[in-house]
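Peer 1: Sequence:
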Amino acid sequence: MNRLDPDAARELAWWRVIRGAGHVRYSDVRGKTVRRTDTNHLLRRRLFVVHAYDRKPRSQEGKNMSDTKQSAEDLAILEQLNLDYVRSDQSNDVARFREFLAADFIIQIEGMTLNRDEYLEYIAKPRPFKDLTVHDVNIRILSDVALIHARVTLTTLHDGVAKEALYTDTYQKREGTWVCVAACAPDPIAITESA
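No gaps in the numbering here: position 63 of the sequence shown is 63 in this note's numbering, and each next residue is one more.
Careful, some of the hints might be misleading.
Stated by the list, open to error - Here are the simulated distance ranges between beta carbons:
id, residue 1, residue 2, range
1, 109, 140, 31 to 39 Å
2, 161, 73, 38 to 46 Å
3, 121, 143, 27 to 35 Å
Simulated from the structure, these hints should not be mistaken for lab results. Positions of the beta carbon are idealized from the N, C-alpha and C atoms, including for glycine.
All chains should be built: construct the whole structure from the sequences, respecting the hints.
Peer 2: Here it is, written out as C-alpha cells:
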C-alpha cells in the first residue's frame with residue numbers, strides 16, 4: 001500500500017459518502033460539497049475513507065403502510081368532526097359539542113374570546129342564521145395536532161343577506177381521541193357578485 005504524501009494527508013482529513021434517496025453526495029468535514037470527479041485523485045492515492053449509512057434506520061422499514069393507514073383513519077375522523085361541528089352550530093346541538101370540545105377549549109368569535117362553558121351557552125341560543133354550509137375544507141395533520149381550514153356560507157335571518165366566512169379549528173389527539181382545543185371564526189361578510 002502506498003504511503004500518503006503529507007500534502008495529500010493535509011488536503012483530506014475525513015471524507016464520507018452520504019447515500020440518500022437515489023443519489024450520492026460527497027462532502028468533507030467542513031460540509032463543503034464536491035463533485036464526484038473531484039475525488040478521483042484521492043481514490044488513486046487510497047485516501048478515500050467511506051462511511052456509508054442509510055437515511056432511514058432499518059428498524060423503521062415497513063412502517064410506511066401502517067402510518068398511511070393511521071393517517072387515513074385520522075383524516076376520516078377529522079372530516080366527520082368538522083361536519084359535526086358545523087351541523088351542531090346550525091342546530092344548537094350542545095350535547096354533541098360536549099362530546100368533542102376539550103375541557104380547555106377556547107374560541108375567538110364575534111370579537112370575543114370564550115371558554116368551553118361560555119361557548120356552550122352561546123351555542124344554546126337561537127342561531128341568527130340559516131343554511132350554514134361548509135366549503136373548501138383543508139385538513140392538515142401535524143403529528144398529534146390537526147388544523148382544519150375551511151369556508152362557510154350562510155344567510156342571516158334578520159336581513160336575508162348571503163354571507164361567508166373563513167375559519168380555522170385546531171384539534172389534538174389526546175389518549176387516542178381527537179378533540180377540538182381551539183377555534184377562530186371571524187365575522188361573516190356579505191357575498192358580492194363578481195363582475
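Peer 1: Confirm or reject each hint.
Peer 2: Outcome of the hint check:
no.: 1; hint: 109 to 140: 31 to 39 Å; verdict: violated, 22 Å
no.: 2; hint: 161 to 73: 38 to 46 Å; verdict: holds, 40 Å
no.: 3; hint: 121 to 143: 27 to 35 Å; verdict: holds, 33 Å
In summary, the one numbered hint that this structure violates is 1.
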